Each structure stands twice: as structure tokens, then as C-alpha cells.
Amino acid sequence: MASVWIDAIGLVLLGIFFVVPFIFIVLTAAKTRQEAALFQFTWPSQFQLFQNIQDVAVFGNYRMFRAMWNSSVLTVTSITLIVLLASMVAYVMQRRQDRAASIAGTVILAGLIIPPAVVPTIFLLQWLHIYKTLFGLILIEVAFALPFATITLRTFMTTIPREIDEAAIIDGASPTRVFVSIILPLLRPAIITLIVVSSVAIYNDFANPLYFLPGEENVTVQLTLFSFISQFTSQWNLLFANVVLITLPPLILYIFFQRQIVAGMTAGAVKG
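Numbering-wise, our numbering puts 160 at position 14 of the sequence shown, and it's gapless, one number per residue.
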């Protein structure tokens, strides 16, 4: 009986902290400009959610579509590089038990702990002539996410017996073939978890595009929030409609892959 009450209290708290704010966002996005400025948790007198979303989509010569394209390219390319690089590094680090692997693990852990420096990074991008470019921001996102991705995949890889590698090598498979044909398919739950978690983080990233990708043509979805708020006047209904519009892709992604996320998060804790 006590467990039932605990579950009920947990669901209530979940609704208060997650569902209620989302409902408030949707209701505010459906109001007129005057009603939205009151910030009241009430039903709109004139429900115009779809009209507000349409206004957001066409604002600034369809700026939202350009932002979604930039964010999509940024997210997909970054995630592809993160998965490939992190899986290869994690495989080598987990299978090797020498001093080089220990040093690499320390460096990766330091990259996870030490905060990034914005100004030196900008100077480096300018020296490489990739500042204010999507390619430069992709490298930044990959560098920031690589330590977490490597540690996650390395932890999950401890559940894969080393005997599988040895058996494949005895059968004549090269190390590259072992990694591509055997290890990568077995890493599927962890890779799906990494894809979902990292893609949401990169898609929702606000600071890095603001620092490393300035410019009207380089706008990402999070930077479009600046379009409807200013020092003297703000269109809160369009701002919240913008939030609803850019929240839908990661929300749909999480709904479809929630089981794989849980499996990937818990599988690495079985061993090692």
C-alpha cells in the first residue's frame, strides 16, 4: 500500500514540475498579444494557436525554416561524428589495459570536468578561418560532447565479452571488421541513447550558436526566440508559439525512442 502512495505522489510531482509548465506554454501560445502579456493560467478567450504558429513561421521572410535547416544540419552531422569517433575511442580504451589507455581516459575525464573557454576558442576558430561557419560550430559541438559519449559507450562496452573479439580474430576477421560487424551492432542500445540525448542537447543549444555562429544567415532555432522579445515591447504569444514549434521535434524523438533510452542507460550498469 505504501508503494502505491509513493507512486501516486511521484506522478503528482511529475505533473506539477513538467506537465503543468508545458500546458501553460501552450495556453499562452494560443492567446492574443494582450492576453499573453498578463501571464495568467487561463483558457484563451480566442484560441489562435495555429494562427500564432503560422505568424512565427512566416516571420522574417520564413526565418524559422532557415533556422530549422541549420539546426538539422548541425544536429545530424554532429551526432554522426560523435557516434563514430566516440565508439572507436571507447572500443580501443576498453580493450586495451595499458598506460596509453589510462592517460587517454584521464584526458577524456578532464574534458568532461573542465569548462570550455569561449574567447580562446573563438581565436582558434578565427585562426583556422572557420569562425561564423556551420562547420566550425559542428566541430565545437563534437568536441564538447565527445567526453560524455566516450565514457557512456566505454561503460556499456564492458558488458560485451572480450571472447567475442578473440573468436572473430581466430576466424580471420581484421580488427576493423570486428569493430564494424560485431561491436557496433552490439552497441545499438547505447548508441540510440547517445543519439537521442546528444541530439536534444545540440538541438536545444543556445550558448554555442550565440558565441560561435553569429549572423542572420546562421540562425538556429533557439536564437529565433530573440525575434519576439525586446527591451521595450514583446510579443509573448508569438514567443511561446515559437517555443511550442521548436519543442515538438525533440519531444517526438523522445516519445518514439524512450524504451531504447532506458535500455541504454541501465545496460551499462550490469557489469564493470
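Hints in this document: simulated from the structure, not taken from any laboratory.
Accuracy of the hints is not assured; some may be wrong.
[Stated by the list, open to error] Derived CB-CB ranges, DEER-like: (1) G206 x F168: 23 to 31 angstroms; (2) A289 x I328: 23 to 31 angstroms; (3) E362 x A154: 49 to 57 angstroms; (4) T304 x F187: 22 to 30 angstroms.
These numbers were taken from a predicted model, which means no experiment stands behind them.
All residues carry an ideal CB built from backbone N, CA and C; glycine is no exception.
Structure-based check of all given hints:
| no. | hint | result |
| --- | --- | --- |
| 1 | G206 x F168: 23 to 31 angstroms | holds, 26 angstroms |
| 2 | A289 x I328: 23 to 31 angstroms | holds, 28 angstroms |
| 3 | E362 x A154: 49 to 57 angstroms | holds, 50 angstroms |
| 4 | T304 x F187: 22 to 30 angstroms | violated, 48 angstroms |
The structure is inconsistent with hint 4 alone, although it conforms to all the rest.
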